[in-house]
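Novice: Turn these sequences into a full structure, and let the hints guide you.
As they're listed, the protein sequences go chains C and U. Residue numbers for the first sequence follow the numbering used here, beginning at 1164 and rising by one. Residue numbers for the second sequence follow the numbering used here, beginning at 1050 and rising by one.
Simulated from the structure, these hints should not be mistaken for lab results. Keep in mind that this is a model prediction, so the values were computed, not measured. Please note that the accuracy of each hint is not assured.
[Stated by the list, open to error] FRET-style restraints, in silico, Cβ to Cβ: (1) ALA1273(C) with ASP1146(U): 30 to 36 Å; (2) GLU1330(C) with GLU1117(U): 38 to 44 Å; (3) ALA1262(C) with GLU1172(U): 16 to 22 Å; (4) LEU1317(C) with GLU1117(U): 47 to 53 Å; (5) GLU1172(U) with ALA1299(C): 53 to 59 Å; (6) ASP1091(U) with GLU1260(C): 23 to 29 Å; (7) ASP1091(U) with VAL1256(C): 21 to 27 Å; (8) ASP1146(U) with SER1176(C): 41 to 47 Å; (9) ALA1187(U) with TYR1340(C): 43 to 49 Å; (10) VAL1256(C) with ALA1157(U): 24 to 30 Å; (11) GLU1260(C) with GLU1055(U): 25 to 31 Å.
All C-beta atoms in this analysis are idealised placements derived from N, C-alpha and C, irrespective of residue type, glycine included.
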Amino acid sequence: MKARKVKGLEPASTVGDNAERIVRTRLAELCSFMPRAGDPQEVEALHDMRIAAKRLRYILEVTGSCFGPYAETAVKVVKELQDLLGELHDCDVQLPEVASFSRELMLADAQAVLVRSPKRAADLDPKLVSRAPHRADYAGLAALEVFLRARRDLLFMTFESQWQELERKGFRARLEYAVSERAGALRPD
Amino acid sequence: MAKAAEIAVDPFESFAAAGARIVAVRGHELFEHAEGVLDTSDIERVHAMRVASRRLRAVLEIFAVCFEQDAFRDVLTDVKKLADALGERRDPDVHIDAMDAFAAAVGAQQRRGVQTLTNRLRERQAAGNEILASALQAAEHSDLAGRLQALAQTALESEPAASEPVEDPEPEA
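Specialist: This is the structure:
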């Protein structure tokens, strides 16, 4: 996912003013994925939201100390969100891999069973399946798929409630206010 | 995993001066983690270097407007290549770790299929390690570490005339 461009960055201007522009853009970008990412089927939106959270986290990690106190709190909040979305993404990556691997073993077993069938047999003997080379692998792979699906559902529910909590606590407004402040000193003339 | 160094940033210092300092530190940190990174028996090393590469890439993109643009593009491309190679090794590491944890938690009847999958993942891990070895060699050959430090200096050198607007790069995922 390409990041939104940040307009008006000036190398000679202050860190505070430039970083404020970047944080505002990255924060708006993160929030733009809701409500779409609130649908568990929206795998791509959830993935893009994770990337947006990562970008916001990095600018806050580097420049958070320049702003009002809530910016430092926001680093932890965004990291938690990014980690959670990362765990969800891992499930979304692993599930098709497990399914694809199971399928690969099944196709190999089908070939092996066919090879063991007597030449000129009119039909296939079902007993041959009990000697399929990967017969002992399927139970574990099916259990793994069940686990990953259930874990993904659980993580998504956690994400939903975490986002609701952020909204309830006014995360966006508080961070926007914090980046309008400058830590440590009054703004020079 | 080693934590990134805390870098003090004054909100009223120039963006270019801060960018030069931060990129120099993060560039140095990346190569501090290179030792033993190809050792598959200790997956924390590659993890630490990958995290350092992400931090470096992030600060390069944040402070992009501060640097000499031709040198910046070359350095960013090479940092991305190294980061991608670290991912080729790290992704199977993570997957293997998760599979090992799952296999340890289930019964013997279910363990075998998971171990068969883990064996496949170890092949991917070995392939990822070869990709990473090549990327590390390329980074050394092109003196990426030295070019990063030189790039950081360009921000300081251009600072007096730095009010000209520079095109913002487009960070990728």
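Novice: Decide, hint by hint, whether the structure agrees.
Specialist: Going through the hints against the structure:
Taken as a hint, the range 30 to 36 Å holds for the pair ALA1273(C) and ASP1146(U), whose Cβ atoms sit roughly 32 Å apart. Between GLU1330(C) and GLU1117(U), the C-beta spacing of about 43 Å keeps the proposed range 38 to 44 Å intact. Between ALA1262(C) and GLU1172(U) the beta carbon distance is about 19 Å. The supplied range of 16 to 22 Å therefore holds. Distance hint for LEU1317(C) and GLU1117(U): a CB-CB separation of about 49 Å, consistent with the stated range 47 to 53 Å.
Take GLU1172(U) and ALA1299(C): their Cβ atoms lie about 20 Å apart, and the range 53 to 59 Å is violated. For the pair ASP1091(U) and GLU1260(C), the beta carbons lie near 24 Å from each other, so the given range of 23 to 29 Å is met. For the hinted restraint 21 to 27 Å between ASP1091(U) and VAL1256(C), the CB-CB distance of approximately 24 Å keeps it satisfied. Taken as a hint, the range 41 to 47 Å holds for the pair ASP1146(U) and SER1176(C), whose Cβ atoms sit roughly 44 Å apart.
Against the hinted window of 43 to 49 Å, the Cβ-Cβ separation of ALA1187(U) and TYR1340(C) comes to about 46 Å, which satisfies the hint. Taking the beta carbon of each, VAL1256(C) and ALA1157(U) are about 27 Å apart, inside 24 to 30 Å as hinted. Here the CB-CB span from GLU1260(C) to GLU1055(U) is close to 38 Å, at odds with the stated 25 to 31 Å.
Checked against the numbered hints above, the structure violates hints 5 and 11; every other hint is satisfied.
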